[in-house]
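First to last, the sequence lines map onto chains Y and A.
If you're matching positions, the first sequence starts at 1 in my numbering and goes up one per residue.
If you're matching positions, the second sequence starts at 1 in my numbering and goes up one per residue.
Calculated directly from the structure, the hints in this document are not laboratory data.
On a predicted model such as this, the values are computed, not experimentally measured, just so you know.
Each hint should be verified, as a subset may be incorrect.
As the list claims (entries may be wrong) - Covered by chain A, according to a simulated footprint, are these stretches of chain Y (three or more residues, beta-carbon under 8 Å):
hint : region
1    : 203–209
2    : 220–227
3    : 246–259
Positions of the beta carbon are idealized from the N, C-alpha and C atoms, including for glycine.
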Amino acid sequence: MGEFRMPSLGADMTAGILVAWRVGPGDRVSHGDIIAEVETDKGLFEVEAFEDGVVEQLLVQPGREKIPVGTVLATIRSAGAPSLGAESEAKERPGQRLKISPAARRRAAELHIEPGSLRGSGPGGAIQLRDVEQAAQGPQSAEKPITEPAVQKSAAEFQTGMRRAIAAAMSRSNRDIPHYYLETDIDMNFALQWLKDENAKRSIKQRLLSAVLLLKAVGRALEKVPQLNGHWIDGRLQVKKEVHIGFAIALRQGGLIAPAIHNVNLKSPGQLMASLGDLIGRARTGRLRASEMTESTITVTSLGDLGVKRVYGVIYPPQVALVGFGRISERPWAENGMLGVRPVLSATLAADHRATDGHLGAQFLEALSQALAKPESL
Amino acid sequence: MSEEQIKQSVLQQLAQLAPEADLDALGDEFNIREELEIDSYDFLTLLIGLNEQWGLEIPEADYEQLVSLGDIVRYISRRLP
Numbered sequence: 001m002g003e004f005r006m007p008s009l010g011a012d013m014t015a016g017i018l019v020a021w022r023v024g025p026g027d028r029v030s031h032g033d034i035i036a037e038v039e040t041d042k043g044l045f046e047v048e049a050f051e052d053g054v055v056e057q058l059l060v061q062p063g064r065e066k067i068p069v070g071t072v073l074a075t076i077r078s079a080g081a082p083s084l085g086a087e088s089e090a091k092e093r094p095g096q097r098l099k100i101s102p103a104a105r106r107r108a109a110e111l112h113i114e115p116g117s118l119r120g121s122g123p124g125g126a127i128q129l130r131d132v133e134q135a136a137q138g139p140q141s142a143e144k145p146i147t148e149p150a151v152q153k154s155a156a157e158f159q160t161g162m163r164r165a166i167a168a169a170m171s172r173s174n175r176d177i178p179h180y181y182l183e184t185d186i187d188m189n190f191a192l193q194w195l196k197d198e199n200a201k202r203s204i205k206q207r208l209l210s211a212v213l214l215l216k217a218v219g220r221a222l223e224k225v226p227q228l229n230g231h232w233i234d235g236r237l238q239v240k241k242e243v244h245i246g247f248a249i250a251l252r253q254g255g256l257i258a259p260a261i262h263n264v265n266l267k268s269p270g271q272l273m274a275s276l277g278d279l280i281g282r283a284r285t286g287r288l289r290a291s292e293m294t295e296s297t298i299t300v301t302s303l304g305d306l307g308v309k310r311v312y313g314v315i316y317p318p319q320v321a322l323v324g325f326g327r328i329s330e331r332p333w334a335e336n337g338m339l340g341v342r343p344v345l346s347a348t349l350a351a352d353h354r355a356t357d358g359h360l361g362a363q364f365l366e367a368l369s370q371a372l373a374k375p376e377s378l
Numbered sequence: 001m002s003e004e005q006i007k008q009s010v011l012q013q014l015a016q017l018a019p020e021a022d023l024d025a026l027g028d029e030f031n032i033r034e035e036l037e038i039d040s041y042d043f044l045t046l047l048i049g050l051n052e053q054w055g056l057e058i059p060e061a062d063y064e065q066l067v068s069l070g071d072i073v074r075y076i077s078r079r080l081p
C-alpha cells in the first residue's frame, strides 16, 4: 500500500499547510498527476502523485494548521492492472490524456499557457478555445482549483514567511557547504549576433531571450563537467544524468524562487523559451509543482537586467553548484595583439568544495565560454 | 484611435504585469522598466500583448525606442493605419 505524505519542497521546509485535495477516494491516479495543493512560506504548490494507484483514504482534511513534513496524508492502493483510459472518468487528469481541443492546444502553445493548468468548460471537462482565451486575459481569471484557501495571506504575511524560508535555507547553506568561487569574463559577441539574427526571423511570440542561450550553454558545459550536476547526500555526491536547471525568478511581492526547468539538454532554444515563459508565469501566480521545487540538479541566477556586474551566489542544498550571470556590457577586449570593444558577460561559479575542486570548476567555466562562442550549436 | 485611447490600452497591459503598481503616478516620460521593475521577460510579454491588441510586429531593433509610456503610445500611434 502506498502512502502519500506531506512532501518536503525545499531544504528549509519543516511543515506545510494542506490547502486542498484534487482527488477523492476511489480516484485513479498516475505518476505525475496532481493530487493536492500545499502551501509553504514560499507560496502555493501543486503536488504530484509519485506512483500509479487508486486513492483509498484521505486521512487529513484541508485546513490552516501546519502539518510536519513526512506526515501521512492519504493512502493509495498500488495499481495491479494497467491504468484505465481517462475517457471512463468525468474528471480531468492534468498531464495525462488531457481533454483539449486541437484549436485550444494551439492557442495555449501560442500564449505560453500550460494546458494542464486550465479547467475546461466543455463536455467532460474538455478544454475549449474560449477557456484558453479567458485564461489569457489575466492570471487571476484562470479557473481556480476546487477550493480556495480559507484565509488569503496578506502581502506582509507572505513577505515575512518568504524571508523566513530564505533565511533558513541560506543560513544552512553557508553553514554546511564549504563554498568556493570562480569567475570568468565571456565574450558574447557571437551569441548576441546569433540571437539578433534568430529573432529577426521570428515573430514576436517566438522570440528568444538571452537567458535561453545561457541555460543551453550551462547544460552543454555540464556534459563536460557532470560533477557539478547533482546532489550531495549522506556524505557523497550523486551525479545526475538529467539536467534540470533551477532558474531563479524574482517574485513581485518580494522574495525569490528557483523552480526547475526539466531536461534542458533535450530542449531546443524555442522549447526552452516556452518552458521558461510557462515557469515564470506559474511562479508569479503561485501554480508551481512540487517536482519543480525538488528536482533541480543545479541553479542558475541571472541578474543582468538589474545592472549587476557579477553574482556571488549561495548554493541551494542538496545541489553542489550555482552559476551566476551578471549584465552584458561593452568592455575593451584584447585579442591577437589588437584592442577592440566587445559585449562581455561575467559568469561566476559557486561550488561545493566537498564535491569538486577548483580545477573542475575552471573546466566548467571554460566549457561555458566555448559553448557561448558557438551559439549555433546550442 | 486617439493617443489617449492608446494610452489607456497600454496602461491595462501594464496593470496585468505590475498589478501592485500605482499606475496613476506613472508619468508619461518615466522609464517604465525602472519605475515598474519590469524585467526583460515582462517587457517581451508587454510587446506580445501590444502585438495581439494592435497587430503590430515590433522588430527587436525598435525596442530601445520604447522607454517610457509616452514613447510607446507615440510609437503605436505612428504605426497604426
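Evaluated hints:
1. 203–209: Answer holds; 5 residues pass the 8 Å Cβ test.
2. 220–227: With 0 residues closer than 8 Å to chain A, the region 220–227 of chain Y misses the three-residue bar; violated.
3. 246–259: holds (count 3)
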